[in-house]
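*Asks:* Listed below, chain by chain, are the residues.
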Amino acid sequence: MGMTITEKIMAQNSGRDRVVPGQLVWTDVHTVMTMDYLGKQTFNKLHDLGVTDVFDKDRVICVSDHLVPPPTEQFATMLNQWREAVREHDITHFYDLGRQGIAHQIMVEQGHVLPGKISIGTDSHANTYGAVGAVGNAVGVTDAAVAMATGKAWFRVPESVKFVIKGEWQPWVMAKDLSLYIMGMMHWNGHLIYKSLELEGPAISALDMAGRMTLCNMTVDLGAKNGIIAPDEITAAYLAPVAKGSWSPLASDPDAHYDAIYEVDVTNVGPTLAMPDKLDDIVPVEKVVGRKFNKAFVGTCTNGRVEDFAMMAKILKGKQVHRSVNMLAVPASQTVYLESLKLGYIQTLIEAGVAIDTPSCAACAGIHTGVAGDGDVVLSAGNRNMKGRMGSKNAQIFLTSPAVVAVSAITGEITDPRTFSL
Amino acid sequence: MAKIQGTAWVAKTYVMSFDMIIQRFWTAPIDPVENSKWVMAGVDEAFNRENGFVDQGYTFIVAGHNFAGGGKSIEHCVTGLMGAGIKAVFATSFARLQFRNAINYGLPFVTCRDMNLHCATGDVLEYDPETGIIQNLSNGQTFQSLPQEPFVSEVAEAGGLLEFVKRKIADGTVAELR
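Order-wise, the sequence lines are chains A and B.
Counting in the numbering used here, the first sequence runs from 2 upward without gaps.
Counting in the numbering used here, the second sequence runs from 4 upward without gaps.
Quick caveat, the hints were computed from the structure, so don't treat them as lab data.
Covered by chain B, per the in silico footprint, the following chain A stretches (three or more residues, Cβ under 8 Å):
no., region
1, 12-23
2, 148-155
In silico DSS-like links for lysine-lysine, alpha-carbon gap of 30 Å or less:
no., chain 1, residue 1, chain 2, residue 2
3, A, 388, A, 288
4, B, 169, A, 58
5, A, 245, A, 58
6, B, 40, A, 394
Where is the CB? At the ideal position from N, CA and C, for every residue including glycine.
Here chain A stands alone, though its shape is the one from the complex (with noise of 0.2 Å):
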């Protein structure tokens, strides 16, 4: 029987000539990333193990991304507690305030995840890396220091379970919208849990690498282990410039045994939503049309990215935000800003009345820049909608699309894009 390509992965990079899922293998890491949040903690238990010096210095990445600015002095500490950390590593890629991005995102734009490759980091939202074809996969500090002292890190082999994306993909629906259909239809209750998932067919193969990553990155909020798409030509483009490495193409065998395949027509996804507080009580927008709200928030690792604030600017350009509403806008990294005001979107956003806030993670953790207080009824395209998730418990979060975001900032009340004339 053949492999999947996950399981080709774990096979060749733990000297396999194949794997089966449920076995514990040790693999070599391509790349481990670490952030300002936990990285202070993951030099710590690199001191633990008795080792001072990374595996490659060049293949430990490190990204301020949490904190930045800081908005309080014991954030400003922790910041130049990990700085000295980093700093006394020698670590070669620090991407820190003023060349910094969230953390998933600079992975994938700066070329330090590969195809056929496994990279690990300390966020969650590791899973974005299966974008580009690449096993990525969130760790805790004690898996990321063992990784940057040994190079290697243990893996459960994952049942593979495979979503056939066929159809056109419809005016004004965006890869979030696949991504909060799919949680609609799997919930939590257990179905991808530790599972791989792997994304094919015709509407994948047409989606672009931001449409990609926006998908890998929101697997880890279905349970999976991780979200991956095989590198095809697009892939190939997109790393061209970037990839630091080489590569080869791969891909899962026909014969691969998956535990699951389920078939979607993204012909019949339209503006979707996820409800208040629980992330798989998912509704399409018509269910919600008219609701208002009063802070809407764009960014993050999920929806931080130039197609993003491509899509805002085209539904804001000449537009005003409702004055009952206040918007946000973050740029995933410092390259995505740059080229968004390049592409004129950044002036568009502000003409609109959109502020706009330098790259991190900003209120999607509840941490800064944005939070929400008692009361906020908050449109967010972010990833996580749970209580308190973006600062007060007593904030409502609705999640959606980019779109739906930018056209509903305009009218102040929840909006089908599909219905709404440029």
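For this one, chain A is given, so just place chain B on it according to the hints.
*Replies:* Relative to chain A, chain B alone:
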């Protein structure tokens, strides 16, 4: 390994990682005793005070699907439970991040389907790590859990992944890990 006996707390709904360790402690140093003081504070209002969970004196947790879900990579969820005296967690399924962390710290996260439907908070359980058999001494029911992988036991016996790897580094066999 000897059998373990004690009382259980049984989850009624999903137990999420960000409720096990509430946000203000996400960046706290990893220390089982310190982490235990506010562990589970967001899971149940009864635990939302200093030592709220510790004071209950539970030995086991029994849960349904996706225990410790919600995708946080912080290790405090596991160290907090260990500091609170939890010796094993039984669940229908575990979220992968905390499943990993539990293995790395040597706390048994034991897969046992639907046990939550047949146990109540306060029941006395007896867990035999050798056989994977769990007995509910309060209602007489018996459950067979999935056996632990040898690697999981090896890491636990070493005192966690750091010690396990440290020994491999010390005896020069770390490169042989595969």
